[in-house]
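As they're listed, the protein sequences go chains Z and G. The first sequence: position 97 = 96 (numbering that gives the first Met the number 0), numbered continuously. The second sequence: position 128 = 127 (numbering that gives the first Met the number 0), numbered continuously.
Quick caveat, the hints were computed from the structure, so don't treat them as lab data. It is possible that some hints are incorrect.
Claimed, not checked - From chain Z, some residues computed to sit far from chain G (all C-beta separations above 10 Å):
id	residue
1	Ile144
2	Gly151
3	Met234
4	Glu277
5	Gly355
6	Tyr468
Unchecked claim - Covered stretches of chain Z (in silico footprint by chain G; criterion: 3 or more residues with CB under 8 Å from a CB of chain G, positions within the stretch not fixed):
id	segment
7	21–32
8	210–217
As the list claims (entries may be wrong) - Simulated DEER-style distance windows between Cβ atoms:
id	chain 1	residue 1	chain 2	residue 2	range
9	G	Glu145	Z	Glu478	33 to 39 Å
10	Z	Met281	G	Val19	55 to 61 Å
11	G	Val58	Z	Gly189	24 to 30 Å
As the structure is a computational prediction, the values presented were derived from the model and not from experiment. Glycine included, each C-beta is placed from N, C-alpha and C at the ideal position.
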Amino acid sequence: MENLVQIALQNVNMAAILPSLVLTCFGMGLLLINVFLPRGTTRHAVWISVIGLVVTGFFVYTGWGNPQYGFNDAVANDNYTAFFSVIFLFAAGLTILMSDDYLTREGYPVSEYYPLILFATAGAMWMASGTDMLTIFLGLEVMSIALYVLAGFFRGQLRSNEAGLKYFLLGAFSTGFLLYGIALIYGVTGSTKLTEIGIYLNAHGSLLENPMTLAGLVLLSTGFLFKIAAAPFHMWTPDVYEGAPTPVTAFMSAGPKAAAFAAFLRIMEYCFFSLKPEWTAMLWVIAVLTMVIGNVIAIQQTNLKRMLAYSSIAHAGYALVGLVAANEIGYSGILFYMLAYTFMNIGAFAVLVLAGKKGEDNLTLEGFSGFGLKRPFLGVAMTVFLFSLMGLPPTAGFAGKFYIFAGAVKAGYIWLAVIGVLNSAVSLYYYLRIMVYMYFRDAEEDYAWVSLPAAAVISIVIALIGVFYLGIIPGDVMEMAKMAIF
Amino acid sequence: MELIFFYLIAIVAVASGFLVIRCQSPVNSALGLVNTFFCLAIFYVMLHAPFMAAIQIMVYAGAIMVLIIFVIMLLNLGTEARKRYTTGVVWSAIASLLVLFNVMYFIKRGRVTGAEGDITSYTVESVGHVELIGKALFTEYLLPFEIASILLLVAIVGAVVLAKKEV
Numbered sequence: 000m001e002n003l004v005q006i007a008l009q010n011v012n013m014a015a016i017l018p019s020l021v022l023t024c025f026g027m028g029l030l031l032i033n034v035f036l037p038r039g040t041t042r043h044a045v046w047i048s049v050i051g052l053v054v055t056g057f058f059v060y061t062g063w064g065n066p067q068y069g070f071n072d073a074v075a076n077d078n079y080t081a082f083f084s085v086i087f088l089f090a091a092g093l094t095i096l097m098s099d100d101y102l103t104r105e106g107y108p109v110s111e112y113y114p115l116i117l118f119a120t121a122g123a124m125w126m127a128s129g130t131d132m133l134t135i136f137l138g139l140e141v142m143s144i145a146l147y148v149l150a151g152f153f154r155g156q157l158r159s160n161e162a163g164l165k166y167f168l169l170g171a172f173s174t175g176f177l178l179y180g181i182a183l184i185y186g187v188t189g190s191t192k193l194t195e196i197g198i199y200l201n202a203h204g205s206l207l208e209n210p211m212t213l214a215g216l217v218l219l220s221t222g223f224l225f226k227i228a229a230a231p232f233h234m235w236t237p238d239v240y241e242g243a244p245t246p247v248t249a250f251m252s253a254g255p256k257a258a259a260f261a262a263f264l265r266i267m268e269y270c271f272f273s274l275k276p277e278w279t280a281m282l283w284v285i286a287v288l289t290m291v292i293g294n295v296i297a298i299q300q301t302n303l304k305r306m307l308a309y310s311s312i313a314h315a316g317y318a319l320v321g322l323v324a325a326n327e328i329g330y331s332g333i334l335f336y337m338l339a340y341t342f343m344n345i346g347a348f349a350v351l352v353l354a355g356k357k358g359e360d361n362l363t364l365e366g367f368s369g370f371g372l373k374r375p376f377l378g379v380a381m382t383v384f385l386f387s388l389m390g391l392p393p394t395a396g397f398a399g400k401f402y403i404f405a406g407a408v409k410a411g412y413i414w415l416a417v418i419g420v421l422n423s424a425v426s427l428y429y430y431l432r433i434m435v436y437m438y439f440r441d442a443e444e445d446y447a448w449v450s451l452p453a454a455a456v457i458s459i460v461i462a463l464i465g466v467f468y469l470g471i472i473p474g475d476v477m478e479m480a481k482m483a484i485f
Numbered sequence: 000m001e002l003i004f005f006y007l008i009a010i011v012a013v014a015s016g017f018l019v020i021r022c023q024s025p026v027n028s029a030l031g032l033v034n035t036f037f038c039l040a041i042f043y044v045m046l047h048a049p050f051m052a053a054i055q056i057m058v059y060a061g062a063i064m065v066l067i068i069f070v071i072m073l074l075n076l077g078t079e080a081r082k083r084y085t086t087g088v089v090w091s092a093i094a095s096l097l098v099l100f101n102v103m104y105f106i107k108r109g110r111v112t113g114a115e116g117d118i119t120s121y122t123v124e125s126v127g128h129v130e131l132i133g134k135a136l137f138t139e140y141l142l143p144f145e146i147a148s149i150l151l152l153v154a155i156v157g158a159v160v161l162a163k164k165e166v
C-alpha cells in the first residue's frame, strides 16, 4: 500500500495542470457563490468569471517557455498548450462579456451559464495539453457536455431545444467514432500515450500492413473533423449555430473549434508522423470539400447566423490547409489563424447580439437595412470584422490566410493554395452583401434598437484591437506561434 | 468449446441489439438492451475480466437501465413517437454493407494483431484483476480519473439547468 502511494505522488506535477486547475476552481467556486448572489441578474457572476479568466491567463503566461510534464505523461504544459490556452481564454472572455445583457434581455438571467463556459474552457485546455489519448478524450467530453447544455440553454425556445438535442445526439455519435479510433490504436500499439504510439507506428511499418491502424486513424480523424465542422461532417453546424443563443454560437465557433484543432494537430504530429503522406492526402480532399461547401452554401443564406455558420465551416477548411501543408509555417499558421478567427468571428457575433430586439433576434439581411448609418459604432465594427473574415489587409484575417497559404505553397501544394484563394474570392460576395444592406438600404422607420451595454462594447473593442494588432504587426505573434509548435 | 460458446453469445448479442432498434414498444427495446449488456458481461468473463463483468452488470444492466425505463414510463410516449423513421434505410443499408465488406477484406488480407501491452493474462493471474485496475486508475491514469469527476459535475449542473422548473 505504501508503495502504491509513493508511485502516485512521484508522478503528480501540479505545475503541469496549473492553468486548468485554477480555472476549474473558479468554476466550482462560482457555482457555490451563485447560491448567495441576487437572482434576476448575472452581473456579479460575469465579473467573477472574468477575474477567473484573467488569473488563469496569468498562470498561462508564467508557463510560457517553461514546459512542465506530469501525471505519467498524461499532460504537458508547454508553449503549444499556452498558445492555445490564450485562444480559449479570449474566446471565453469575449463571450462572457457579451452575454450578461443578452441573457437578461431574453429572460434567462441564469448564473449557471458562466460556470458552464468556464468548464468548457477548462475542457478545451485539457484537450490542448493532453499527451495521452484519455486526457484528450475526457477534455473533449467535458467541453462538449457543457456546450450541449449551453446550446439548449433557452429552454422555452423551440429552436434552442432543437439545437441542444441535435448537437447532443450527433456529438455523442461522433464521440463514439473517436473512442472507437482510440481503442483500435490502443489495440495496435498497446499504449494510449501519444509519444509511445508514435514510436511504435514509426518502427512498425506501413498502414496497409495492419488494417487496424488504418481504421483507427480514419475513425479518430472522423471524431475530430466533426468537432471542427469539416465537410462532410458539417451537417449539424448550421442548425446548431442558428438555434443556440448567439453568444454561445460565438463561443462554439471559436473556442471548441480551436480545441479540436489543437488536439488533432498534436495527435497527428506525435502519433502519426510516420504516416504523413497518407493522412495529408486524406485531409487534402477534406480541406477542399470544406472550403467549397462552406462558401458556396453561405452565398444562399439570408439569415446572418446561418451565413456565419457556413462561413465558419469554410474557415475550418482554410485552417485544414495548414494541416495538409504539415510544415512549420503551416502549423504555426493554424495557431495564428485560430487566434485571429477568435477575434474576428466573436466580434461579428457580438455585433449580432447588440443588433437584436427584445424577445427576438434581428438576424435577417433585411433587418440589417440601414444598420450602419443608424448605429455608426456597431456598423464600423461589423465592417472591420467582415473585412477580416474576407481576408483583406490590414486585418488579422489577411495575415492568417497569408501564412496558411504560404505554408501550402512551400510544401508544394500550389493547387490547394489556389483553390483556397479562389474560395476567399467567393466569400467576398456574401460578406459584402451584408455591408451593402448596412449602408445602402434605408432603415425601417419605427425600429427600436437595444441600448449598448458597457460590457458588450468592451468585448467588441477588445476584438477590434485584436483584429488590428494581428493584422498590422503579425510578426510578433507569428514568432510566438513558431516557438509554440513542436 | 469456448469458440462455440463465443459464437452462441455473439448471436444472442447481435439479435438483441437488433431487437433494440426494431421493437415497437420502447420498454421492449429497453429489455433488448439489457440483454445486450448481459451478453457483453459474458464476453468480459471470457476475456478473464470478472471484475469488469460485475461492473458491467451492476452499472449498465442495473443502474442505467432502471433510469432508462423510469424515463420511458414518465414520458409515456405517444403514438407519434413510436413511428419509425424509414427514410434512407436503403442507402444506409448499402453504406453499412460496403463498410462491412471493406472491413472483412482488410482483416482477411492483413495482420490484425498489435503490440503486446504491459498487462498480459499472466500478470492478471499473478497480481489480480481488481488490483491492476485500481493501480492503473490511481497512478498511471490519475489525471483522466480526476477529469472524469469534473465531467460528472458538469453533467449534473447541466441537467439541473435544463430541467429545473424555476431558475
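Now for the hints, and whether the structure bears them out:
Distance check for isoleucine 144 of chain Z against chain G: the nearest CB is about 5 Å away, which does not clear 10 Å, and the non-interface claim fails. With 10 Å as the threshold on Cβ separation, the claim that glycine 151 of chain Z sits away from chain G is violated: the shortest Cβ distance comes to roughly 6 Å. Its beta-carbon lying about 13 Å from the closest one in chain G, methionine 234 of chain Z satisfies the requirement of being farther than 10 Å from that chain. No Cβ of chain G comes within 10 Å of the Cβ of glutamate 277 of chain Z; the nearest lies about 14 Å off, and the non-interface call holds.
A cut-off of 10 Å between C-beta atoms confirms that glycine 355 of chain Z is not in contact with chain G; the least separation is 21 Å. The claim that tyrosine 468 of chain Z lies off the interface holds: its Cβ sits roughly 33 Å from the closest Cβ of chain G, which is beyond the 10 Å cut-off. For the segment 21–32 of chain Z, the assignment as covered by chain G holds, since 3 residues bring a beta-carbon within under 8 Å of that chain's beta-carbons and 3 suffice. Residues of the segment 210–217 of chain Z lying with their CB closer than 8 Å to a CB of chain G number 4, which satisfies the three-residue condition for coverage.
A C-beta distance of roughly 35 Å is found between glutamate 145 of chain G and glutamate 478 of chain Z, which places it inside the suggested range of 33 to 39 Å. Range check, methionine 281 of chain Z to valine 19 of chain G: about 33 Å between beta-carbon atoms, so the 55 to 61 Å window is missed. Roughly 26 Å separates the CB atoms of valine 58 of chain G and glycine 189 of chain Z, a value that falls within the hinted 24 to 30 Å.
Of the numbered hints given earlier, the model fails hints 1, 2, 10; all others are met.
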